[in-house]
Each structure stands twice: as structure tokens, then as C-alpha cells.
Amino acid sequence: DIVMTQSPDSLAVSLGERATINCKSSQSVLYNSKNKNYLAWYQQKPGQPPKLLIYWASTRESGVPDRFSGSGSGTEFTLTISSLQAEDVAVYYCQQYYDTPRTFGQGTKVEIK
Amino acid sequence: QVQLQESGPGLVRPSETLSLTCSVSGGPMTSFYWNWIRQSPGKGLEWIGNIYYAGSTKYSPSLRSRVTMSVDTSKNQFSLKIKSLTAADTAMYYCARGPSYGPNGYLEYWGQGILVTVSS
Numbered sequence: 001d002i003v004m005t006q007s008p009d010s011l012a013v014s015l016g017e018r019a020t021i022n023c024k025s026s027q028s029v030l031y032n033s034k035n036k037n038y039l040a041w042y043q044q045k046p047g048q049p050p051k052l053l054i055y056w057a058s059t060r061e062s063g064v065p066d067r068f069s070g071s072g073s074g075t076e077f078t079l080t081i082s083s084l085q086a087e088d089v090a091v092y093y094c095q096q097y098y099d100t101p102r103t104f105g106q107g108t109k110v111e112i113k
Numbered sequence: 001q002v003q004l005q006e007s008g009p010g011l012v013r014p015s016e017t018l019s020l021t022c023s024v025s026g027g028p029m030t031s032f033y034w035n036w037i038r039q040s041p042g043k044g045l046e047w048i049g050n051i052y053y054a055g056s057t058k059y060s061p062s063l064r065s066r067v068t069m070s071v072d073t074s075k076n077q078f079s080l081k082i083k084s085l086t087a088a089d090t091a092m093y094y095c096a097r098g099p100s101y102g103p104n105g106y107l108e109y110w111g112q113g114i115l116v117t118v119s120s
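Going down the list, the protein sequences come from chains B and F. The first sequence begins at 1 in my numbering and counts up one residue at a time. The second sequence begins at 1 in my numbering and counts up one residue at a time.
Just so you know, not all the hints are guaranteed correct.
As the list claims (entries may be wrong) - SDA-like, lysine to any residue: derived pairs with alpha carbons at most 25 Å apart:
(1) B/Lys51 with F/Ser7
(2) F/Lys58 with B/Pro8
(3) B/Lys51 with F/Ser23
(4) B/Lys36 with F/Asp89
(5) F/Lys58 with B/Lys45
(6) F/Lys83 with F/Gly27
(7) B/Lys51 with F/Thr30
(8) B/Lys34 with B/Ser62
(9) B/Lys45 with F/Gln112
(10) F/Lys43 with B/Thr78
(11) B/Lys45 with B/Gly74
(12) F/Lys43 with B/Pro8
(13) B/Lys51 with F/Glu46
(14) B/Lys36 with B/Val13
(15) B/Lys51 with F/Lys83
(16) B/Lys45 with F/Ser7
(17) B/Lys34 with F/Gly44
(18) F/Lys83 with F/Ser23
(19) B/Lys36 with F/Pro103
(20) B/Lys45 with F/Tyr101
FYI, nobody ran anything at the bench for these hints, they're computed from the structure.
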């Protein structure tokens, strides 16, 4: 299985400041022939299912605010919230869909400082 | 807007079989891949497998021996069965839709989830 490791496990950021979450995969999730990274990011708020934010490592899902951005390639990826809002308090997960089984990171909890 | 809704028992006895159904509304089942994922405090998010609208399946190797998925497009539903349950199968179970381009996909739409407890 491809192991997804996120860092940090939690972070506290002041409102309006930048939040950065890292995700590392145990093997590359870049499909070379298609030049696509099979990596998604999800946001999960308490009592709710995960919500897709980013796919193909950097494509924002429709309706997702542009303060959310994804970057990286191969085995190292980053989710950035450029200006943290109160409604962004949640747990964030990365997921690879390059191989079976699909695997998720352990999650990063984002809170307000 | 595509909506998914899980249904099934909230409590199942050890060694029995869990049967869950996901009802799909607001969009077609054809051309898409339909997934099951579970979430437990101890193991986080775990992908169980997916089924194409035409019936082909892909299961997680760790669960393959105990899992069966099926689809009924006439009812806009797909289903999950897990046999030989243990306490380790206690989790929130979600159904989700993947994109249409292939089985290796991100998860665009999720149901609200159903909490399943395995206990005698």
C-alpha cells in the first residue's frame, strides 16, 4: 500500500494568516504518461463527511474558495490556506488515487490561534 | 446536485454480515464509479472499494475476502456487504461517487454516513 504521511498533526493559525499542510507519499503518485498527480485534498468538519477541495494535486473543486491551493508533485504535496477564516477550522486529509487501495493521510487538525 | 444517502442497521452482532445500501439522487449512476469508505477513530479513513455502474469491482486487498459490492441502476442504488464482522469493523460508513474517467478517482460527492457498531 502507498502510505500517506501528513505533517503537522495539528496547527493553530491566527485569523487571516497562512496555514500550510504537508503530505508525503511513500511512492510517487505521478502518472508520467498523463503528467498528472493522483492526489486529492479533503476538508472534514465535525459531524460531516469529507468534502473534496483539490484534485490532481492542484485543481480546485468548483465552489471552493480561492484561498485554498494545492501544489507539489511526485511524493511531496502541500495544501495552503492563504488567509485562514473561522469557517476553515476542520481536519484536512490528503488521499492518493494512483493505486489500489486508495489511501488517506492521518489528517491535520487546523484551529484558530 | 448529486446526493447520496446510506441506509442499513446501526448495530450488528459479531460474526454476522453487514448490509448497507447507498441511494443516489440528482444525477445518473451510469458512467460513474461508486465507492465505499469507512472511518474509525483507530484507523482513520479507509477505502473499502468501488463498483462501476456496469458491475465491475475493485476491493481493498485487506478486506477483499469479506466484501461484496453490487449495483442496481434501476433503483439508483448500490450496496455493500461485509461478512464475519468483528469489533474492528465498527465505524462510520460512507458512500461516495468517483468521477467517470476511470476507477482510479478522487471522491466528488459523499453521503452523510451511517454509524455501524459491531457488538453483542
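We went through each hint and held it up to the structure:
1. B/Lys51 with F/Ser7: Holds, at roughly 20 Å.
2. F/Lys58 with B/Pro8: Status violated; Cα separation ~32 Å.
3. B/Lys51 with F/Ser23: 19 Å, holds
4. B/Lys36 with F/Asp89: 34 Å, violated
5. F/Lys58 with B/Lys45: 28 Å, violated
6. F/Lys83 with F/Gly27: 30 Å, violated
7. B/Lys51 with F/Thr30: 22 Å, holds
8. B/Lys34 with B/Ser62: 22 Å, holds
9. B/Lys45 with F/Gln112: 12 Å, holds
10. F/Lys43 with B/Thr78: 23 Å, holds
11. B/Lys45 with B/Gly74: Judged against 25 Å, a Cα distance of about 28 Å means the pair is violated.
12. F/Lys43 with B/Pro8: 18 Å, holds
13. B/Lys51 with F/Glu46: OK: B/Lys51 and F/Glu46 at ~15 Å, within 25 Å.
14. B/Lys36 with B/Val13: 31 Å, violated
15. B/Lys51 with F/Lys83: 29 Å, violated
16. B/Lys45 with F/Ser7: 22 Å, holds
17. B/Lys34 with F/Gly44: 30 Å, violated
18. F/Lys83 with F/Ser23: With a Cα-Cα distance of about 21 Å, the restraint between F/Lys83 and F/Ser23 holds, given a limit of 25 Å.
19. B/Lys36 with F/Pro103: 15 Å, holds
20. B/Lys45 with F/Tyr101: Outside the cut-off at roughly 28 Å; violated.
Checked against the numbered hints above, the structure breaks hints 2, 4, 5, 6, 11, 14, 15, 17, 20 and satisfies the rest.
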